[in-house]
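Single-letter residue listing:
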Amino acid sequence: MHPLDFGEIFRLSPNPYMVLDRQLRYVAANDAYLRSTASRLEDIKGRYLFELFPHDPDNPNNASMVMLRTSLERVLASRAPDVLALIPYRVPMNTETGVVVKERFWSATHVPLLDERGEVAYILQHTVDVTELEQLKQAANEAKMEWRETATSAVMEAGVLGRARMLQETNRLLDSERRHLRGLFEQAPSFMCFLRGKDHVFELVNPAYAQLVGQRELVGKPVREALPEVVDQGFIALLDRVFTTGEPFIGRGVGVSIQRRAGGPLEDAYVDFIYQPIQGVDGSVAGIFVQGHDITEQKRTEAALKESEARFRNMADHAPVILWVTDASASCTYLSKVWYDFTGQTEGMGLGEGWLSVVHPDDARAAADALRAATERREAFRREMRLRRQDGEYRWVLNSATPRVSPTGEFLGFIGSVLDITEIKRAEEEMRRFNQQLERRVQERTAALLEANKELESFSYSVSHDLRAPLRHIMGFAQLLESRSSANLDATARRHVKTIADAARQGGKLVDDLLEFSRMGRTELKKASVSLRDLVAEVQRELSPEMEGRKVQWRVGTLPEVQADPALLRLVLKNLLANALKYSRLREEAVIEVGASEGEGETEVFVRDNGVGFEMQYVDKLFGVFQRLHRPEQFEGTGIGLANVRRIIARHGGRTWAEGAVDQGATFHFTLPHAEVARSLSA
Amino acid sequence: MTELKRVLLVEDSPNDAELTLEAFAESGLANEVVWVRDGREALDYLYKEGTFAERPDGLPAVVLLDLKMPKVDGLQVLEQIKTNSQLKTVPVVMLTSSREEADLARSYGLGVNAYVVKPVGFPEFVKALKDLGLFWAVVNEPPPGSLRRSNLS
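Residue numbers (the working numbering), protein chains in the order written: chain A, 1 to 683; chain B, 1 to 153.
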């Protein structure tokens, strides 16, 4: 027995067969194939399928060619057989009139021939010329052939085409599933790619992956070539290991320096990824499926957070106050360095509830309760407490805190500060003591003043009683002496007696005026609305005896209502008008003006005369008690009147002043505050 | 026949008393003036006690009372008079140097009938006393039981 010669069987098989390589170049074809395509092996071997048989040379992308090529590519990609149930395809054929290119119908099966590694090395095509079948079917439809013949063609169609159609349907489903998977792959937010072979050639790359590496051309290139910058970063070694061991690799937060933009600088990126080995049909690793997430942003945020936390810590630890942080359960999670410096605690001692152990025993429970209550209410709090310093001294501190809230409004606990307020408290205490002292001193002083006032009153009383009495006696007895014994007295003696009586009278008047002045300072102000105009008219009437035998011209302007004690204001006007009359009595015609004007918050009143006036340099003496600018023999008086005026106006909260010049009259002014600003001032 | 009413002058100062008496004389009033030196004596007189136990019955037509006196002062005497059922009808005139408001208020509060401040000038003093004497010792009809002195001579 000769062993079977498969080459011969292939060559002589009545079915047409041909073999293509991965680039779709003819490797082999049997006699049946050569016959049905009117070709010779030496003409087609090594040549590209579609170069030889383009179906339609005028349309390089015609539907039949695409259909055939797609089937072949499917085999390359899937490494599984693919069937074309019916494909119209023009190829040359021998006829009686020679070789012609005619439209023919084929049914083709493509089978992959794998190499030792499971890769598709070749594709075997088995094809059947079904042109006649198809033509028969078409003719039958066109000529409305007899029932029997129709039945015959239907049976044939059912036999051959029925199976082919089923296959095609299966293929269509597979194709749509494939497209669906492809879509998922394309749209997946995580980056994915498939690296084939030991050189890790990019076979499939999704957009997310393309974005990660700056949209570079990847498909068909080994990683080493496509991404040269990662070669020295350990990834190739990793891929090699996964490929050879078949063990997947999972990387978390792995840093990679990579060009994120084509031609751009190297940037640091962070990725979570899986290298998943994919096994071929023969069970060996065919490639590596790469899938992962770009977590660079997340890393950056984490880093920023870490940095800001570090900054906070740094700041907190260098701040001159103690800072602390609690969580939502009122447990202390952070104490700044100053706390440890201050209390001498270590980190382990202070955190949690440990800080309470250095709070004064009398304050600790209340402090803990306050923190808990504030935590429950999520409200800021302030509390003073005593804290034991490293040296054992308890210091008063102000502990205040505000709630920490997450961006989403969640309560996180408190951030608080502790401020040593011992010195402030000490100062406050001192201030309080000082104030108390001051108050006590004021009280003492007030008591002393009250005492002095009382003494003054009793002095006034004595004066009124005891001083007036002897003056009265002197006068009385001088009078008696004059009336009873004048016959026995000579002129000089009589003059002396008269002098004694006059002096006593003057003394009595002084005492009366002085008492009046003293009373002015003590009597209570009874303020009311007073018509200044009526008051002036009243005083004028009262002074009419002084005007007898004199020419007096009164010029009284418009006078308003004022807020004042009527009796006291009357005394003021009486003094001023009486003075005006008195000091103008040497004038042939006395001119006395009274006027008023409204100032800011006060009424100003003036009394002007054309009398003897005064020297401005002595103006300050005018309003003094017993101060006189004229001798008694010129103008009588005790020098109390203007002092009373000033005292009364001052008690009303007003001011008094005067202007004058010798022989050119004098003007006296005073002001009275309006009701809202008027206040009683004791003189 | 004229009956002159008796006047009780309570005055600690002899000078004042003398001037008062002189003023009475000057003003031509002949009423009998009984002068006592202080409040204690005034009350003795009014109650007919001590040195005045033997005095004739009857009460003065008017009491001229100085305010400031040793032992019992004018206000105390006034209070005694006005709170005593027998004495309260006796007119009392304060005759004093003080025009202190407190004194005035207190005097009227205790029921004084008049309050006169002694003028400094003697002529004014004489005039004031004359007016006073005329009113209380002549014009005014005293309550029943007042001492009267028959002017028989």
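Don't take each hint at face value.
Claimed, not checked - Okay, derived cross-link-like pairs now, DSS-like style, lysine-lysine, Cα gap no bigger than 27 Å in a straight line:
1) A:574 x A:526
2) A:454 x B:71
3) B:127 x A:509
4) B:130 x A:509
5) A:509 x A:621
6) A:498 x A:582
7) A:454 x A:526
8) B:5 x A:454
9) A:498 x B:127
10) A:137 x A:45
11) A:425 x A:509
12) B:82 x B:68
13) A:102 x A:137
14) B:68 x A:509
15) B:68 x B:127
16) B:48 x B:127
17) A:582 x A:621
18) A:454 x A:509
19) B:127 x B:71
20) A:454 x A:527
21) B:71 x A:498
The hints are simulated quantities; they were obtained by calculation from the structure and are not laboratory data.
Now the hints, each set against the structure:
{"no.": "1", "hint": "A:574 x A:526", "verdict": "18 Å, holds"}
{"no.": "2", "hint": "A:454 x B:71", "verdict": "22 Å, holds"}
{"no.": "3", "hint": "B:127 x A:509", "verdict": "19 Å, holds"}
{"no.": "4", "hint": "B:130 x A:509", "verdict": "23 Å, holds"}
{"no.": "5", "hint": "A:509 x A:621", "verdict": "21 Å, holds"}
{"no.": "6", "hint": "A:498 x A:582", "verdict": "25 Å, holds"}
{"no.": "7", "hint": "A:454 x A:526", "verdict": "22 Å, holds"}
{"no.": "8", "hint": "B:5 x A:454", "verdict": "42 Å, violated"}
{"no.": "9", "hint": "A:498 x B:127", "verdict": "20 Å, holds"}
{"no.": "10", "hint": "A:137 x A:45", "verdict": "35 Å, violated"}
{"no.": "11", "hint": "A:425 x A:509", "verdict": "62 Å, violated"}
{"no.": "12", "hint": "B:82 x B:68", "verdict": "18 Å, holds"}
{"no.": "13", "hint": "A:102 x A:137", "verdict": "18 Å, holds"}
{"no.": "14", "hint": "B:68 x A:509", "verdict": "21 Å, holds"}
{"no.": "15", "hint": "B:68 x B:127", "verdict": "23 Å, holds"}
{"no.": "16", "hint": "B:48 x B:127", "verdict": "32 Å, violated"}
{"no.": "17", "hint": "A:582 x A:621", "verdict": "18 Å, holds"}
{"no.": "18", "hint": "A:454 x A:509", "verdict": "24 Å, holds"}
{"no.": "19", "hint": "B:127 x B:71", "verdict": "30 Å, violated"}
{"no.": "20", "hint": "A:454 x A:527", "verdict": "25 Å, holds"}
{"no.": "21", "hint": "B:71 x A:498", "verdict": "37 Å, violated"}
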